[in-house]
Amino acid sequence: MKHHYVSLKIYRKALALFFILTLCTALAVQAQVSGHVFRDFDMNGVRSDTLPIEPGISGVTVRAFVDLSKTPILTTTSNAGVYSFSSADVPAGKSVRIEFTNLPTGNYNGPYGNSSGTSVQFTKAPASAINVGINYPSDYCQPSGVEIAVPIYVNGNTQVTTDENGNPVPEDKQAARSSALIRVSYNAFGVAGPSNFPVNSLATGQQVGATWGVAYQRRSKKLYTSAVIKRHMSFGPLGSGGIYVTDLASGTTSNFVDLKTIGIDTGDDPHSGLFGDKTQASVDAGPMVAMGRTSIGGMDVSEDDKTLYLVNLKDRKLYGIFIDSPGRTPTAADVKSWAIPDPGCSNGDFRPWAVKFHHGKVYVGVVCSAETSQQQADLKATVYRFDPAATPAFEEILSFPLDFRRGPADGTFDPLDPSRSCTKYDHWLPWTNAWPETCGLGQNPTFVMFPQPILSSFSFDDDGSMLIGLLDRFGHLAGLVNHDPQGQGFYNGFTGGDLLRAYIHNGEYVLESNGIAGDRTGSGVANNEGPGGGEFYGHDDWYFIRRVAHSEVTNGASVVIPGYNEVVTSAYDPLDNVYQSAGLKVFSNTDGGENRNYVIYTQQPGSFGKASGLGDTKALCDVAPVQIGNRVWFDDNRDGIQDAYEPGVDGIVLTLHDMESGGAQVGTQTTHDGGQYYFNNTTVPAGIKFGHKYEVRMDTTQLPRLDITLRGAKPIAQAGGRQGAIPQRHYTISPKDRSDFSEADLRDSDARVVGNSAVIPLTTMDAGQNDFTYDLSMYSCPELTTEKDTIIVCPGGRIDSIAATGNHLSRVDSVRFVVFSGPQSGTAMYGSGGTVLGMVKPDSSNRAVLYNPAITMSAGGNQYVYAIIYPTPENPSCRQTDETVIEPTPAVTLTAIGGKLDCSVLYTTLQSQFRYVNGSGVPSASFNWTGPGSFNSAQQLAVATVAGTYSVTATNLDCPGQTATAQVEVVADTAKPALIANGAYRLCRTCSGRLHAEAPGATFFWRGPNGFTSTEAEPLVSVVGFYTVTATLPGGCSTFAVVEFSLPITAPPDPCLPQCLPITISRLRR
83 MKHHYVSLKI YRKALALFFI LTLCTALAVQ AQVSGHVFRD FDMNGVRSDT
133 LPIEPGISGV TVRAFVDLSK TPILTTTSNA GVYSFSSADV PAGKSVRIEF
183 TNLPTGNYNG PYGNSSGTSV QFTKAPASAI NVGINYPSDY CQPSGVEIAV
233 PIYVNGNTQV TTDENGNPVP EDKQAARSSA LIRVSYNAFG VAGPSNFPVN
283 SLATGQQVGA TWGVAYQRRS KKLYTSAVIK RHMSFGPLGS GGIYVTDLAS
333 GTTSNFVDLK TIGIDTGDDP HSGLFGDKTQ ASVDAGPMVA MGRTSIGGMD
383 VSEDDKTLYL VNLKDRKLYG IFIDSPGRTP TAADVKSWAI PDPGCSNGDF
433 RPWAVKFHHG KVYVGVVCSA ETSQQQADLK ATVYRFDPAA TPAFEEILSF
483 PLDFRRGPAD GTFDPLDPSR SCTKYDHWLP WTNAWPETCG LGQNPTFVMF
533 PQPILSSFSF DDDGSMLIGL LDRFGHLAGL VNHDPQGQGF YNGFTGGDLL
583 RAYIHNGEYV LESNGIAGDR TGSGVANNEG PGGGEFYGHD DWYFIRRVAH
633 SEVTNGASVV IPGYNEVVTS AYDPLDNVYQ SAGLKVFSNT DGGENRNYVI
683 YTQQPGSFGK ASGLGDTKAL CDVAPVQIGN RVWFDDNRDG IQDAYEPGVD
733 GIVLTLHDME SGGAQVGTQT THDGGQYYFN NTTVPAGIKF GHKYEVRMDT
783 TQLPRLDITL RGAKPIAQAG GRQGAIPQRH YTISPKDRSD FSEADLRDSD
833 ARVVGNSAVI PLTTMDAGQN DFTYDLSMYS CPELTTEKDT IIVCPGGRID
883 SIAATGNHLS RVDSVRFVVF SGPQSGTAMY GSGGTVLGMV KPDSSNRAVL
933 YNPAITMSAG GNQYVYAIIY PTPENPSCRQ TDETVIEPTP AVTLTAIGGK
983 LDCSVLYTTL QSQFRYVNGS GVPSASFNWT GPGSFNSAQQ LAVATVAGTY
1033 SVTATNLDCP GQTATAQVEV VADTAKPALI ANGAYRLCRT CSGRLHAEAP
1083 GATFFWRGPN GFTSTEAEPL VSVVGFYTVT ATLPGGCSTF AVVEFSLPIT
1133 APPDPCLPQC LPITISRLRR
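Take 83 as the starting number for the sequence shown in this note's numbering and just add one per residue.
Hints in this document: simulated from the structure, not taken from any laboratory. Each hint should be verified, as a subset may be incorrect.
Subject to a maximum C-alpha distance of 27 Å in a straight line, what follows is the list of computed DSSO-like cross-link-like pairs (lysine-lysine) [stated by the list, open to error]:
hint : residue 1 : residue 2
1    : K923      : K206
2    : K152      : K775
3    : K176      : K923
4    : K1058     : K982
Pair by pair, the computed Cβ-Cβ distance ranges are [to be verified]:
hint : residue 1 : residue 2 : range
5    : V1053     : S1016     : 29 to 39 Å
6    : D496      : A516      : 21 to 31 Å
7    : D131      : D704      : 18 to 28 Å
8    : K771      : A516      : 27 to 37 Å
9    : T528      : P500      : 14 to 24 Å
10   : N659      : T505      : 15 to 25 Å
11   : P276      : R628      : 28 to 38 Å
12   : D131      : V371      : 51 to 61 Å
13   : Y952      : G769      : 46 to 56 Å
14   : S907      : T783      : 22 to 32 Å
15   : A516      : P276      : 24 to 34 Å
16   : P319      : G769      : 17 to 27 Å
17   : G333      : R628      : 53 to 63 Å
Heads up, the beta-carbon is just placed ideally off N, CA and C, and yes, glycines get one too.
Whole structure, please, built from the sequences with the hints as guidance.
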């Protein structure tokens, strides 16, 4: 039946998830604005319902600031992490700023991602999935490739390579060369091998010896291990106080520190009679007393990676050793210690071991060993919590007796002599230094066991439950086919640890009972093997030939990766029917069922078989990454506070500069998705460093090229002319550090202007401590343009309206019209002078019109009306104005220009200019042209084709009584040139002749035989034939004539005269 628990667990989990999602969806449908707050364990900005399973977070305060309101509407997240605001809270179509506050202590905003925003978000109702992920930084683990590190034990003396006779040991038998620290895949299952989740060695026995405690410094990727008493296995080179460091990046292991050298006495080395051959048995009696009383117990590192915490078993103190990050060898000055309290044990027999640093606190585990009284009733376990940041004090948070029945480590029963049966070891027993009676079948059984409790480890589930690992001390006193303390026999030891669960009820820890822990029911209800008659993790057993052969196989170590909903524990014989093995068992934290099992070794020479063959376990999780940034927005009302309706600005380029490297630029981001920007290990090639000084900079010269409004940002399109031109931009960086509510840094602007940059100086926090308070805003200085620069007032007339159009006006802005009798300079019009004509709220197109202004014209003088912004902008450079001059209408003049026609110019444009006598143009006028042949035109520029006299009359449309008339002449010149042209005779075959043309003021162009051309008046020709000459005057009028170059009528007696002379004859025709 046990093999069906996985599928049942998956079904239950899926059913529960479906119910939660259905409930959340129903709530979201009914809400106007809704979302989730969830635990983003893998810090990818996406909520996962597979591994890691990311639950909702209850009790988070959610604030909604609607539109311009400074007073929030409040709600809190439910047990599922759901929140919602109704339509009465946030009406449809309204902008809203959502803020998430009151996060659990030590939690930070997760990274921005596909389904998670930051602690301040902006939306418009209705909206759903306004989600935010949060996480405690040390809860992070990378989503793939996770490994587990675990010490592995090897029989023998790891510091020598000779056998009991002093002979060299072959390498394959040397304890020194055997693995003593390994790492395996977190997802491993089955039996380890070259093709199935192979085991990777990190350190040899020679390098580290026997270790239990494991601490992982995530930032430096260094793994620290600490010495432990293990009978039949030696210490490493540093002895009982040895701490070793393995650099996972380089794959090297080295000595880190011997605690004795920094003033911590961990006791003497009790080992003796150990040999370099791992297959040889040994006596090694000293650890029978020393185990649990000498050397080091548990070890962990603080969440900032800077302090190692460990238990010195000799003086029963908790030590905090500052090693910094990356780790350095500590000195005595780096050591602090605190005496662990006696929880009221009989005869003062308390024995500490477990150390866990979790969410800022140190947890220490202690047992009452009953080693003096030898009374089972005196056995007890106690958990202390210790806050190293406060006044150091140990707070007892859980204590429980260890007198409950358990399953035996081995189920061998001898029906012929029940006293030899191993099933009698079904309880925790008082600590003892004595070798126990053997058990098993036959007259000389070789099984040995005597479960003695050590509270050895803690892990914490996602709901806050504490998982308690119990190590069997005897597992470190026995071996595989090894001697008793007197050097007799060959015995096979068994360990029998346990894994318990304590849940939180009304703020206090309560131990599981009968396999039930709070609202969770485990897999061992009523199995008579735990507190209250059952155990939550009920499958800590081993089946051999379809029967339970071992009932308590766990080994006291545990690992929980947040979000995985399971616990990994070390165990012997983790996989059914695989004998004399050790590895890992993985249990569900939902129902205690068995998820998977993994065998690290089986029947391996030199191993410890079923006698605690593995040490503590540690997940090799990467350090949580850091993300910084958040939002660039348009500060419409210029107050430096992110109002709900103010949009983010996309397309702005920001740069990140390392101020501890001379301000070198290390990253670039362009704002997106509503002005958001983020620098992280992806966008910054060198990664974001912790506790490091940076600057976020924005080059302000990019702003004038953008048109930034409440509708967003776009590049400015260039256009010409007053009507088409886009007004000149001027943006100002908003005032920094303004406050209108608590936690002002969530929503304020943080930049200051340095030269041409807006600069946000910052110092990053520690790993996983994302900071999204680095916001930056700009506002556009309001721009006003009056629709008319000048308004001419006709005699006795009035002004219907004065209008101004604004750009970048805030929703709170109005336009005030103020009239002065003289022109104002600078921003003087914002003062107390002048007369306020009225104040107008601009319409949706930012146009403000003041109708029927009460303006009294002074005799012969102008009035000056200024449109100004109200309320007055805080920044003087943003106090924009525009001027309209009110002028009495001056007299008008009309000038006109005629034209000339000729053979090439067949029409001419008649021009007119209608102006006031002060030289300015009449802005609105009509024109009427008349002329020859009933000519008529209403255009200011008329086209004439006939010569004659033309008249134009202009009328001022603003003052219809003002007209003016002018006359112009159009003349014509079409006379053709007077052309005279003459040909010539050729007097011999080789003689040439000169043609002749004349026409005053004209140019000439000749054509003739064989493509002949010429522009001369008298060209020289040699080919007999007809030639055409065209004469053209500058006005385009032309005429032509044809002449001949020919032989004379009577040929000369000598066909070739001694000399050829050019001969000219009269023209042939014209």
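Q) Is 29 to 39 Å a correct range for the gap between the Cβ atoms of V1053 and S1016? A) Given a distance of about 20 Å, which is not inside 29 to 39 Å, the answer is violated.
(Q) 46 to 56 Å was suggested as the range; check whether the CB atoms of Y952 and G769 agree with it. (A) For G769 against Y952, whose Cβ atoms are near 50 Å apart, the range 46 to 56 Å holds.
Q | Consistency of beta-carbon spacing, G769 to P319, with hint 17 to 27 Å | A | violated (36 Å)
Q) Taking the CB of G333 and the CB of R628, does the distance hold inside 53 to 63 Å? A) Violated, since G333 and R628 (Cβ atoms, about 43 Å apart) do not stay within the stated range.
Q) If you check the beta carbons of N659 and T505, does the distance land in 15 to 25 Å? A) Because 20 Å falls inside the window, the suggested range holds.
Q.
Assuming the hint says 18 to 28 Å, is it satisfied by the Cβ distance from D131 to D704 or not?
A. Between D131 and D704, where Cβ atoms are some 23 Å apart, the hint holds.
Q: State, for the Cβ atoms of D131 and V371, whether the hinted interval 51 to 61 Å holds or is violated.
A: With a Cβ separation near 52 Å, D131 and V371 satisfy 51 to 61 Å, so the hint holds.
**Q.** Hint check for A516 and D496 - Cβ pair distance inside 21 to 31 Å
**A.** Roughly 22 Å apart at Cβ, these two residues keep to the hinted range, so it holds.
Q) Between K152 and K775, is the straight-line Cα distance small enough, at 27 Å or below? A) violated (33 Å)
Q: With a cut-off of 27 Å on the C-alpha distance, tell me whether K176 and K923 pass.
A: Since the Cα atoms of K176 and K923 sit roughly 21 Å apart, the hinted pair holds (cutoff 27 Å).
Q. CB of P276 to CB of R628, is that within 28 to 38 Å?
A. holds (30 Å)
Q) Going straight from one Cα to the other, do K1058 and K982 come out at no more than 27 Å? A) Between K1058 and K982 the Cα gap is close to 17 Å, so the pair holds against 27 Å.
Violated hints for the displayed structure, listed by number in ascending order: 2, 5, 8, 15, 16 and 17.
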